[in-house]
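Using the sequences and the accompanying hints, generate a full structural model.
Taken in sequence, the protein lines are chains Z and H. For the record, in the first sequence the residue sitting at position 75 is 75 according to the numbering used here, with numbers rising by one throughout. For the record, in the second sequence the residue sitting at position 517 is 517 according to the numbering used here, with numbers rising by one throughout.
Among the hints, a few may not be true.
[As the list claims (entries may be wrong)] Beyond 10 Å from chain Z on every Cβ pair, some chain H residues (computed):
no.	residue
1	S113
2	E231
3	M281
4	Q439
5	E487
[To be verified] If we take Cβ atoms under 10 Å as the criterion, some of the chain Z residues that face chain H in the derived model are:
no.	residue
6	Y36
7	L38
8	V85
9	G89
10	I112
[As the list claims (entries may be wrong)] A short list of chain Z residues far from chain H (calculated; beta carbon distances all over 12 Å):
no.	residue
11	N2
12	V6
13	I24
14	N45
15	G106
16	L115
Derived from the structure by calculation, the hints contain no laboratory data. Being a predicted model, the structure only gives us computed values, none of them experimental. Glycine residues also receive a C-beta, built at the ideal position from the N, C-alpha and C atoms.
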Amino acid sequence: MNFEKVVFGFFIVLAATLNFGFFIGDIDRPELHHIYELFAAIIVNLIATVLKFGDRTQIGAIHLATSLVADLQLIAAASVWAIAVHVTGEGMSPMITASVVSLSGGALLANIVSLAILVAETVMMRR
Amino acid sequence: MHPGSAFFIVLRRMRAPLILLIAVYAVSILGLTLIPGVDAQGKPTAPLSFLHAFYFVSYTATTIGFGEIPQAFSEAQRMWVTAIIYATVIVWTYAILSILALFSDRAFQQALSAGRFKRRVEHLAEPFYIVCGCGETGGKVLTALDKMDARAVAIDLDENRLAELELEDFRSETPALAADAAQTQNLFAAGLQHRFCRGILALTNDDQANLAIAAHARLLRPQLPVILRVEHDAIAQRMLAFGATQTINPFATFARLLALAIHAPALYRLHDWLTGTPGTMLAATRDPPRGRWIVCGYGRFGHSLVAELKREGMEIALIDQYAREAHGFTMVVGSGVEPEVLRAAGVDRADGLIAATDDDLTNLSIALAARVLNPEIFIVLRQNQQSRAELFAALQPEMIMAPAEIIAHEALARLTKPLLPDFLRAAEAQGDDWAWALQSRLRIELGSAVPLCWQLSIDDNVATAIVSWIAEGRDVPLAALTHDPAERERRLACAALALRRDETDTLLPHDTTVLSVGDQILFVGTAAARAEQELIARNRNVLHYLVTGYEEGGWLWRVLTKKRPERL
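Encoded structure:
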């Protein structure tokens with residue numbers, strides 16, 4: 001067992017599950033999408049991204065790319081939330097909630113791709 | 001190391017500090033969004049929102065410190081912020097120190113410079129040569145190439161040598177890489193497969209490495225000229241087995257020249273004059289005498305010398321530390337520094353002495369001792385290290401044999417004007433009187449300073465005007481290239497030495513020779529004449545005037561004056 005692989009797998013899966021947890025629920029109901037879960041998803045995603053730094057294989061490159069996409073989407077979601085709550089003062093209206101959640105949904109898709117690559121990589125490994 | 005790896009090294013090394021940074025930020029922000037605040041009346045208020053928390057941690061972590069924004073903190077918040085300040089300063093310092101440590105890391109710096117080198121080579125947009133090994137020989141070649149306005153790429157194992165090269169004042173920048181030139185990836189990085197690569201010089205002091213470089217070039221770029229320095233005959237044989245590579249053995253080359261100087265002094269002087277450093281004056285030394293010669297040191301150089309001197313029919317006495325089998329010559333055991341040993345070898349009756357050991361100080365001592373015993377003796381000195389040049393010059397020997405210089409001259413001549421070595425070989429066949437007559441004629445026309453030799457090829461790259469004229473069916477005589485563009489009757493200070501057409505060489509081609517596309521012509525002359533000649537070869541109007549005696553003018557001028565271009 002390789003401890004590095006454990007940490008790597010842990011963060012990728014955790015990033016996807018947190019992302020999923022935030023995403024699940026009616027898309028326009030703010031009470032179903034907890035902001036701390038979004039925060040946790042962003043942090044875990046960032047750490048997962050950094051863990052993929054420096055891997056020069058083809059699979060490593062795709063890993064890094066999907067992670068960067070997820071980061072981008074989640075940060076966009078957080079920015080929409082920050083602007084709605086603090087800048088325009090509109091608050092978490094159904095429309096804003098829907099766009100924050102749908103952005104996190106995009107990130108979720110990227111995270112699922114990441115998971116798929118992780119699984120494929122593990123299956124291909126013969127040792 | 002792979003040339004593109006600097007970026008990946010940064011990413012890999014920054015993993016730990018970056019993850020720690022993210023973690024500390026996350027915990028700090030999370031804490032601030034959980035700990036309740038306090039208002040002016042002392043009543044508890046809601047904790048900071050994520051935006052405020054992120055804003056606060058961002059400026060606190062970077063030690064900007066705006067105070068407590070957006071409102072004064074509660075005591076619990078202050079305790080938490082104290083922790084944040086220490087934690088964030090520590091992780092930022094750690095991250096920055098990691099980066100700094102990385103930049104002073106040797107492996108990282110090598111990766112960086114390798115990447116830079118590869119990019120610079122890729123962006124070269126003019127013909128260049130790859131010089132492997134930048135010791136004394138390679139350094140001379142690079143300097144000379146720079147003087148000739150030719151680009152070069154340098155590879156050497158030793159970073160210090162490359163640093164020394166950087167201090168030399170090159171006119172054009174020379175990309176340099178500290179790496180093993182015998183490695184495939186380093187040769188690729190140096191542009192082995194670059195479309196502008198015009199040749200490779202393998203000049204390292206390791207015959208095996210030179211062999212490896214030649215093998216790479218032969219396999220990957222079979223058409224590329226390769227020139228190798230080689231000091232052992234066995235390796236030279238293996239190199240020649242490859243085919244079109246050329247080897248330069250400085251010892252054999254010098255021995256051959258010495259023999260030439262003995263049996264054909266005029267040819268030797270012609271050789272010296274044509275291959276010397278342009279602009280310098282050749283010292284008027286006496287010709288090496290026929291008769292009895294003493295050779296001190298019977299190593300690789302000694303062997304080459306003895307073989308050539310024997311062929312010239314000289315009587316030879318040998319001095320060496322170790323007794324060897326002597327075939328037809330006197331053998332004295334000793335270093336040659338001791339007067340008794342020199343006397344035993346017959347120094348007082350000898351006509352010439354060659355100090356050929358691989359130790360410079362021994363060679364100098366031998367020469368000094370021999371001068372005392374026989375002031376008239378002709379002295380040939382082997383100089384191994386360039387840094388001793390002044391010492392050697394002070395002794396005023398009749399000839400100096402410096403391997404670095406010989407290899408550099410030969411390599412450059414073969415690469416940039418391959419016709420010159422062939423011309424000199426053909427000249428040897430013509431005999432001494434011919435050489436003497438040619439040299440006196442040229443010295444009258446060009447002056448006694450060492451002239452410039454250059455090669456002009458009638459092709460689309462250089463001689464655009466001539467090629468287009470020939471394509472139009474007009475004849476261009478060789479005379480057009482040797483006369484003054486300002487005044488057609490006056491000759492330029494240059495002369496054509498040889499013309500190569502379809503693999504056959506013509507010595508001293510006549511002025512009326514009609515040029516054809518693909519001709520290669522070897523010229524000797526002044527730098528000014530060369531510049532004029534380039535103008536003639538490229539400029540239609542100048543060429544028109546030189547061939548016909550009339551100015552052609554531009555297209556508009558011809559239309560306006562209703563004048564048709566002259567037909568020959």
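Do the hints match the structure? See the list:
no., hint, result
1, S113, "holds, 20 Å"
2, E231, "holds, 42 Å"
3, M281, "holds, 59 Å"
4, Q439, "holds, 63 Å"
5, E487, "holds, 67 Å"
6, Y36, "holds, 8 Å"
7, L38, "holds, 9 Å"
8, V85, "holds, 7 Å"
9, G89, "violated, 12 Å"
10, I112, "violated, 22 Å"
11, N2, "holds, 16 Å"
12, V6, "holds, 15 Å"
13, I24, "holds, 21 Å"
14, N45, "violated, 10 Å"
15, G106, "holds, 20 Å"
16, L115, "holds, 20 Å"
In summary, the numbered hints that this structure violates are 9, 10, 14.
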